[in-house]
Every structure is written in structure tokens, then in C-alpha cells.
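J.: Take a look at the letters that make up each chain.
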Amino acid sequence: MFESIQRYRDYYAGALLILIGLSTVYQSSRYDVGTLAEVGPGFFPMVMGVILAGCGIAIAFNQSTVADDEHDAETLGRPEWRGWFCILGGVLAFILLAHSGGLFPATFACVFISAMGDRTMKVRNAAVLALSISVFGVLLFHYALKVQLQPFAWMAR
Amino acid sequence: MTGTAIADLIHGFSVALQPHNFLACLIGVLMGNIVGVLPGMGVMAAISILLPLTFAMPPVAAILMLAGIYYGAQYGGAICSILLNLPCHPPHAVTCLDGYPLTKQGKGGTALGITMLGSFVGASFGITQMIFFAPILVSVALKFGPAEVCSLMLLGLLAGSTLARGSALKGIAMTTFGLLLGIFGTDVTTGLERFTFGFPELADGIEIVGLALGLFGIAEFMKSVNKVEPLKVGYAKVRLRDMRPSRADLKMSAFPIMRGTLIGSLCSLIPGTGPTIASFVAYATEKKVSKTPERFGRGAIEGVAAPESSTHSSVQGDFIPTMSLGIPGDSVMALLLAALTIQGITPGPQLISQHPDIFWGLIASFWVGNILLVFLNVPMIGLWVKLLTIPYKYLYPSALFFVCIGVYSTNNSLFQVGETLVIGVAGYILLMLGFHPAPILLGFVLGPRFEENFRRAMLLSRGDLKVFIERPISAAFLTVCVILLVGQLYVRWRSKGRVVTVDAIAVEES
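Chains as they are written, first to last, in the numbering used here: chain A, 1 to 157; chain B, 158 to 667.
Certain hints may be false.
On the chain A side, residues computed to face chain B include the following (Cβ under 7 angstroms) [as the list claims (entries may be wrong)]:
1. F44
2. I95
3. T107
4. R119
Treat the hints as calculated values from the structure; they're not laboratory data. Computed from a predicted structure; not experimentally measured. C-beta: ideal position from N, C-alpha, C; glycine also.
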């Protein structure tokens with residue numbers, strides 16, 4: 001599936017833009033479009049939607065060339081599920097823990113989970129990294145910069 | 158006019174040398190320099206991570222620090238290119254061609270020394286240019302009505318999206334997408350909430366810090382995870398005394414530095430051609446005028462001196478349209494402009510007269526910052542080389558934490574951290590489909606102002622679209638837009654579908 005995305009990349013790119021463009025047009029038609037003399041709130045987004053859909057059609061029918069893709073070849077390649085999930089999981093853990101657990105556990109979880117996304121990362125190294133960033137983060141953001149997050153949630157009570 | 162400029166500049170120095178401003182500038186260039194050498198970390202990510210921290214600072218200090226990151230990173234990028242053959246930052250890609258061979262011959266120190274010298278000369282020229290050009294631009298721009306502002310923004314957007322890397326069509330699509338994202342939230346004219354999808358948190362629009370950190374933080378980490386190889390620092394042993402260039406080296410690089418500086422400053426005046434294009438043009442020119450072009454690519458000192466001075470002169474020149482017209486040339490400038498707006502300062506031609514301490518303080522801080530950079534880089538070069546060897550696997554988890562806490566601290570809102578996560582995933586999908594996200598930010602920052610000026614122009618002309626071509630200045634901007642588009646099409650047609658981009662020039666050169 002992943003290879004086919006890359007082979008037909010511009011078709012997907014065009015289709016995505018057409019989809020975004022058309023849904024923008026639909027959404028802005030629910031606002032007042034107005035007239036040219038009295039431009040309404042729906043006018044500008046509607047024009048943007050039309051341009052996006054137009055770009056989508058042009059991209060799908062006008063495949064980009066080798067020169068365009070050269071620098072992209074290195075950036076993509078094989079899918080990196082482990083890395084992706086750990087990065088997303090790290091941020092999610094931060095969101096879930098920041099209020100219920102506090103800044104320290106949220107930071108620890110965020111750094112630890114995302115660090116495990118690297119294939120060569122050892123659990124011990126990830127824990128040391130997460131611990132040092134947590135201590136540093138609490139000192140810097142809670143005590144020095146006064147961000148409104150308790151180091152541990154129970155400290156607020 | 159020169160007299161007032163000098164008086165203003167002296168005022169600027171008095172602002173820039175105030176202890177807290179000086180400290181802000183020092184932190185900025187230091188951070189920039191570090192980010193410039195850290196593998197896999199971008200200038201955009203660095204500026205957007207530090208952006209929330211500047212909210213509590215006074216506006217002058219905030220902008221000095223953020224600007225310092227941008228030009229500080231240019232010094233760091235040069236070190237990467239010369240010592241390790243790594244084009245960490247696109248403007249320095251061309252420096253690798255001759256810088257790395259010099260390193261292999263054991264003359265890496267000299268190359269760095271010449272780079273520092275050239276950078277300083279280039280930057281100084283760029284700053285001087287800004288001192289004289291910005292007020293002239295302002296006096297013209299103050300006469301602009303909404304129609305002219307609209308056409309000028311269109312030109313800026315078009316130049317920013319078509320001349321950047323990759324396909325021009327995709328660039329335009331991303332700019333349009335950015336314009337659209339920019340108007341999410343409450344409409345200023347009617348108070349209607351647009352595209353909030355039922356989330357009350359979106360009534361104030363998408364948070365710029367979230368957008369920038371999603372696109373240049375989370376999406377970048379997803380792209381680079383497990384793909385950044387650990388570095389082997391082989392030839393990169395530079396001692397302090399190696400960095401003093403010999404008299405022969407100085408003589409050889411004097412003219413290249415001057416030519417590079419001029420090319421860079423010219424490039425910065427043409428909208429959309431930033432430091433990357435400037436450095437390539439400077440290298441190509443140097444190779445053409447050289448009596449011994451065969452030396453290029455095998456360690457010619459001119460091939461380092463010219464592009465580096467050109468990059469730095471153009472980096473400083475980039476600030477001219479941003480500060481004097483309020484029209485950013487690229488995404489870094491868009492972010493700096495957003496930082497000003499967050500501080501409650503309206504960007505535009507009135508900025509220099511209303512906030513002289515910001516404008517002149519910034520200019521003076523460029524000099525202060527550049528001098529600091531030279532002094533920082535000379536003794537600390539060994540430390541920079543060590544930093545280069547930090548594995549990416551330790552960097553990105555730490556950076557991810559800064560992304561989370563940075564977005565959270567802007568409004569104390571976990572919703573916005575989630576917003577950033579969604580933007581990050583969307584940004585990665587766009588990257589996979591071959592889109593570059595930088596133009597999104599350009600469009601995002603200009604979006605609301607573009608719509609507002611368009612509405613005002615239409616209201617004044619009673620709905621007559623001809624107003625854009627009947628007013629001469631606006632017509633001139635639109636003509637340049639058309640030339641830009643036709644030129645792109647022509648180049649594309651002539652090269653049988655191959656878009657001439659910076660990458661293509663690089664292929665030709667190597």
C-alpha cells in the first residue's frame with residue numbers, strides 16, 4: 001500500500017486538494033457570500049476553495065517531474081510505524097497526564113514513549129533521558145517560567 | 158537623510174546595548190548557532206519553540222532574540238557544511254562543494270576563518286542596505302491604499318510560493334491552504350464564527366505557535382525518526398590557530414567576498430529569492446569569473462567565501478520588506494511578523510515611525526549579534542563539533558517535550574496541544590504527498606490581512622474589480638505577478654517539464 005501511494009503520489013495529492021477545496025466551498029456556502037460591493041464572510045473562503053480544487057485538478061493531470069522529486073526520495077521510503085506511533089503516543093500521553101498527573105509525569109511519559117520510537121533505543125537510556133528532561137523541565141517551566149502546571153497534580157490539593 | 162539615519166542608528170545602539178536586550182540577543186544567537194549545528198533540527202522549529210517563551214518579554218527583547226536565532230543558525234550551518242559535508246541548511250549546500258575538500262586537505266580551519274570574515278562583511282552590507290532602503294520603501298508604502306496592499310501581498314505570496322523548492326503548483330496550493338487556515342475563527346467584520354466545527358476553542362482561530370510546531374516540529378520528527386544516521390566526525394579537528402587565514406588566502410578571497418555580498422543584497426531585493434538562491438548564484442558567478450575554474454569543487458577558497466558572504470548579506474536583506482512593508486518573504490519572516498503581532502504591534506509601513514526602538518534596535522542588534530557570533534564561534538568551534546555528534550535519538554524526544562510545553566504555555570490550553578498533534582499528522586501526510594509546508598505559514602500570517610484589505614478595496618470601489626488595474630502602483634505589482642507566472646511556465650516548457658529549481662542548479666553545478 002505504501003509503495004502505491006508513492007507511485008501515484010500526485011493523483012492522491014490532487015484528489016486530497018480537490019476534496020479540501022470542495023468541502024471548503026460547501027462549508028463557505030453556508031455563510032453569507034455577499035456581492036463584490038459588499039463582500040460577505042463566505043466570499044474569501046469560497047474563492048480559496050475553488051483555487052484549491054483547481055490546483056488539485058492541475059496537479060493530478062500534470063505529474064511532477066524527476067527534478068521535483070529528487071529531494072523527496074530520501075525523506076520518504078519505508079514506513080516507520082514504530083517511530084510514528086511513539087511520537088504520537090508521546091504527545092497524547094502529555095495531553096492525558098498534564099492535568100491529572102502533573103508536569104513531571106507528563107514530561108516523563110512524553111519523552112520516554114517518544115524516545116522508544118527509535119529502533120536502537122534501550123529502555124534504560126530512554127528512562128535516563130526522560131528523567132533528566134523531566135527534572136530540567138519542572139525546574140525551568142514550573143519554577144523559573146511559572147507555567148501554570150503543578151509538578152505533581154497532588155501538590156495543588 | 159544620512160544624518161538622521163546615523164542619529165537613528167545611534168539611538169538603535171543605545172536600545173540594543175541595554176543589558177536585557179543585549180542578553181536577549183546573546184541568547185538568540187547562541188541558540189541559533191546551536192540549532193544550526195544540531196543534526197535534524199530546523200530554524201523554524203527553534204524559533205517556534207522559543208516563541209512562547211518571549212510572550213512575557215518586552216517586544217524589543219523578544220524580536221531581537223528571535224531574529225538572532227535566524228542569523229545565528231546561518232553561522233552554525235556553515236560549520237556543518239565545511240567540516241562534515243552536510244548541507245544541514247539549504248543555503249549552505251553549495252558551500253559543501255569546496256568547503257569539504259578544503260577540510261580534507263587539512264585547511265578546514267582556514268575555510269571557517271574566511272567564512273566568518275565573509276559572513277561578517279556580507280551581513281554588515283545587508284544591514285547598511287536595510288538602513289537606507291527601508292525608510293525609502295516606507296515613504297512609498299505609506300501612500301498605498303487597500304488595492305495596492307492587496308496586489309503587493311499577492312505578489313509576495315506568489316513569489317514566496319513559486320520560487321521556493323519543489324513544484325510551483327504545489328507551492329501555490331499550499332499558500333492558498335495557508336490563507337484559508339488563516340481566516341479560521343471569528344470574522345472581524347461580521348463577528349460570524351467560520352470553520353470552527355463546533356469547537357469554542359477555535360473561535361480565536363488556529364494558534365500560530367501550534368501551526369508552526371505541528372508543521373516544523375511534529376511532522377519533521379515523524380519524517381526523520383530512525384532516518385538520521387549518527388555522524389562520524391573524521392577530519393573535523395580544528396584548532397583555534399588554524400582559523401587565522403594566511404595573507405594569500407585573504408588576497409584570494411577579498412574580491413569573491415565583495416562580489417558575493419553584492420549578489421546577496423541584489424537577491425534580497427527581488428521578492429522570493431532568499432539566501433538559498435543567492436548562495437547558488439554567487440557560487441556560479443565566482444566559477445565563471447575565475448581564471449582557474451577547474452579548481453572549483455576541489456577546494457577553492459573562493460567557492461567558500463563568495464556563497465557564504467552572499468547568504469549572510471541576503472539573510473539581513475530579507476528583513477527589509479518584512480519590517481518596512483509588513484510583507485514577509487518566507488516562512489521564517491512570517492513567524493517573526495507573527496511574533497510582533499502577538500506583542501500587540503501592527504506590522505506595516507507605520508512600524509518604523511511608531512516603534513523606532515524596535516526597528517533601529519533590531520538593526521543595531523544585527524551588528525551586535527554578528528560580532529558576538531564571530532567571537533562565539535572562534536573559541537567554541539570544538540564544542541560545536543562535539544554537538545554535531547549528539548545522536549538524533551536523544552534530540553527529538555527532548556524537542557517533542559518542548560513542543561508540548563511550548564504550545565501549552567501560550568494559552569494554558571491542552572486543547573491546543575491536541576490541535577498541534579492533528580496539524581503535525583496532517584503536515585506529515587502533506588510531506589508524503591510531496592508538498593512543502595513552508596508556504597502554509599506564509600499564507601496563514603497574511604490571510605486575515607489579505608481578506609480585510611480585499612474587502613476594503615471592494616467597498617471603496619463599489620465592487621469594481623477594475624480598481625486593481627486602474628491604479629498604477631497596483632497594476633505594476635500585478636504585472637510582476639503575471640511575469641512571474643509566465644516565466645515559470647516558459648522555463649517549464651523550455652526545459653521539457655523540468656522545473657528549474659535550486660536543486661536543478663545544484664545538479665548542474667556538481
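J.: Can you list which hints this structure breaks, lowest number first?
T.: Of the numbered hints, all hold.
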